[in-house]
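Asks: Read off the chains here:
There are 2 protein chains.
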Amino acid sequence: MADQLSTVLPPECSESAFESALEAFRQIVGSEHVLTAPTEMGEYRDPFWHTDWDDYEASAVLQPDSVEEIQAILAVANEHRVPLWVTSQGRNNGYGGSSPRVRGSVVVNLRRMNRVLEINEELGYAVVEPGVSWFDLYEAITAGGHKLMVSCADLGWGSVIGNTLDHGCTYLPYGVDMGAQCGMEVVLPNGELMRTGMGAMPGNRTWNLYKRGLGPTPDQLFMQSNFGIVTKMGVWLMPWPETYMPFWVRAWRDEDVAAIIDTLRVLSLDGTIRMVPQVANTLIFASFMSRRSQWWDGDGPIPDPVIEKIARELETGRWMMRAALYGDEAVVEHRFAKVKAAFETIPGVEVWGTKSTPAEAPGLGHPAERTQAGVPDLEMNFMTGWYGGEVSGGHVGFSPVAPMTGRDALAVRDLMRGLIEGKANLDYLGAMLPINARSFIHVTMVLFDTANETQVRGAYDTCKLLVKEAAGHGYGEYRAHLDFMDLAVDQYSFGDHAQRRFNETIKDALDPNGILAPGKSGIWPASMRPSR
Amino acid sequence: MADQLSTVLPPECSESAFESALEAFRQIVGSEHVLTAPTEMGEYRDPFWHTDWDDYEASAVLQPDSVEEIQAILAVANEHRVPLWVTSQGRNNGYGGSSPRVRGSVVVNLRRMNRVLEINEELGYAVVEPGVSWFDLYEAITAGGHKLMVSCADLGWGSVIGNTLDHGCTYLPYGVDMGAQCGMEVVLPNGELMRTGMGAMPGNRTWNLYKRGLGPTPDQLFMQSNFGIVTKMGVWLMPWPETYMPFWVRAWRDEDVAAIIDTLRVLSLDGTIRMVPQVANTLIFASFMSRRSQWWDGDGPIPDPVIEKIARELETGRWMMRAALYGDEAVVEHRFAKVKAAFETIPGVEVWGTKSTPAEAPGLGHPAERTQAGVPDLEMNFMTGWYGGEVSGGHVGFSPVAPMTGRDALAVRDLMRGLIEGKANLDYLGAMLPINARSFIHVTMVLFDTANETQVRGAYDTCKLLVKEAAGHGYGEYRAHLDFMDLAVDQYSFGDHAQRRFNETIKDALDPNGILAPGKSGIWPASMRPSR
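Listed in order, the protein sequences are those of chains A and B.
Throughout the first sequence, residue numbering follows the numbering used here, covering 237 to 768 in sequence.
Throughout the second sequence, residue numbering follows the numbering used here, covering 237 to 768 in sequence.
Bear in mind the hints are in silico, worked out from the structure with no lab data behind them.
Mixed in with the good hints there might be a few duds.
Copies of one chain are not kept apart here, so a pair can be met inside one copy or by any two copies together.
What the hints assert, rightly or not - Pairs of lysine-lysine residues, derived as DSS-like cross-links and limited to a Cα-Cα distance of at most 30 Å, are as follows:
no.: 1; residue 1: Lys-659; residue 2: Lys-700
no.: 2; residue 1: Lys-704; residue 2: Lys-383
no.: 3; residue 1: Lys-576; residue 2: Lys-591
no.: 4; residue 1: Lys-591; residue 2: Lys-383
no.: 5; residue 1: Lys-574; residue 2: Lys-383
no.: 6; residue 1: Lys-383; residue 2: Lys-576
no.: 7; residue 1: Lys-591; residue 2: Lys-574
Throw the hints in and build the complete structure from the sequences for me.
Replies: Put into structure tokens, the structure is as follows:
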């Protein structure tokens, strides 16, 4: 099986030292769960990073099956000073997938820890391990006959824990402010096992019910960081509402995104809409429904008249919003009428939707209408093939956060479009995801053909330019790809980078050998800290 | 003015060393803002701790007016190794008021930093300093003509920031899961100034709109901890709903609290009720409406027949719930009908309420009806006089968290009542505050006459017993008085006290001299760490 060893080694580690570490890892997880051959490791590599580039290659992949194995792995890593990079499913595509920040790190992939440990219908929660995907959790809920919905991401193969730890968006009401997580179990870099919040009390009955504990609450400290390995997590599930009503808002003029965002803010602040909509432009929908080559084969970005044509032929408009209402039928009816009236004051805007129920949701036609009811799938993954098709399509996410105003919607759109078209020579595919009533994440899907090295390089270079330009306008990235993680964190420089120093002070205290995910979110352990 | 110096000194600090530190503090904040005379310092002492006991006496009180002064105070404290204890308004009554955990600490009270820095009506938020009370913020909103509501606590004199940092409950929709806070500015123990979340990026436009940043989010790490001094905070304000409808649910049988909690869980999980109700027993209401001596002058707790009599005469029932609905009139009407029908399936239970508006709320008769609309007052403070009257009434809070089930409501009630009546020989005054749909905080008001030393001692001793008994049943304190803070934290012992070690590892890294609030939430710096 191990056809050949990876030629990549951890930093400052001899071949023989690495072989000793690998042998120790094999003793812990079993040889079959230590992957070292490039063919086996391919699945745990950034799928969109150019194949000829080796900046973020791992030296091996380990797949432990228990907390005890993770603790033993940490002991070996501390002893041999081998950096680890932890992934759950490893599906953080668009931000680096399963690839480590530091070349030669050993990837610890937690797919085998895929148990749904508990589902409680009375109190509406589940407890999951890191390998549990949205599919797994949905299936466990369904198999148990529980009338509960999970707020899930667009792609069902992702890990519930992994997505949560990366601040990933989900779309149901509990996706607002990423609110579903409650309680964690964490293995610290020194191998100690900690439970957060009320879970810190043995036998406590509210670990997954109350979001804090006594004293400071560290849960969000383990998100987008390298301070620990989360091994269990509580996730709140929403009881089935009487009525579930997905709806759509379509605008035909590019400028209408401003009025849509302003209207949405008012309807979200007053509680009429409480979930995470997506306000996406023509090309986002086109990438999901077609291939680019069907529309345009010229050089450079698709010109506006062609976008206009796509908007009409695919009936997507220039911007379309997907959203949903949940609740008693009478309330949903009142709210839909209000939503429809409010958006339709914008000239030309159309609103439509159909009342449904949670039981009927799996049969709905559009994947968004299923996703917004907690029924996961993979259809949105088709988007990645916009340029390169199934074989070599790729993307990177550029995702700044903006205030929920029409003014900001236009400013962010113009900034993104200007640079992506002007500098990267690529199409602008943008979706605004209001994570709450006050702000939206502008997810920019920078799509490219991974077989086209110039195009890939241009995409990443443009993202780096965008990081700085967006920061200059007051918009910060909510999540960053490995390749510009440091640059993105550099922009958070208040108090001469006080936050980074704070994070690195904690890092050094918790992980003195610097073995856990060095460089994640720009947090470097003392031993690897760049001079700045 | 300085009639006499306090005779209390910081630990391991000579009189002359302390005098040098005081002189340095005077240089920073001005002599008039350095209080050392016991008469001046009285206001910054736990108001309910027995006057003859000096366990938690401060050596001085400083009142800085700016971030720069706070930074300078930290520099002096680090140089002289003087422990500081920070309070905002210093109104954490029932949990220690403004008193420090370590006798002889210098209290840094932030009442003078009382500026409302910003109110944004379009996006619904304010930015406040630590000295801003609920009254101050409410008045600033009103003065600005803003149609916004602040989720406030029962007593309007408390600090918005102080309450938030102590995990205090507030009652409007944004009080659910204590959700109003967004963005912080913090002075770290070494004097560095940090902004959290998006505020870490200079000029970022979403500091008070998006709850996270890039990388780990530390905000909740500064709550109930001693890792930094919060100097600014964003607080979300809710736009005025069309209709505001406070309502009441009254049950005449003591056992009905189970059915009330079960019904409330269902109505909260499905979103019908979204705010923080209070389900309180007869004596809670009686303490607010009368004095104990009107009802009973015998030894020991008030017997059940007398409670029954109070319930009828004051028309409080054995349990009464206060709550409110917010929203469009049509939605509120639908929901009230649903609420009424649901609770009135419990035999004998009555539900009533009156539709109102935010503009009318300040004129409503019952303080709870005003508080639930964000109109703060002080009327509830009358409760404290149950035993001792205005002059010597006191209380301590014992507040475990329980799952939102009727079974747990009965179990917690029985545990609390049994020990408070049986061991402390006091009355059982209990209120269940569902902080979300899944859990409630059982705030036990242990009331006593501070002039009766035996009674005060009995109250604290019983709380200590309760801490352990409740933990044995799986219920953990959400907040603890100075006098049993260590004991309460001791109960969070999972992984051989992994959480406490984690907290203390961070403490030592951020505050190597251990000068900031040593002992807060059982977190001790290395220099003062007890052998355990």
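Asks: Please write out, lowest number first, the hints stated earlier that are contradicted by the structure.
Replies: 2
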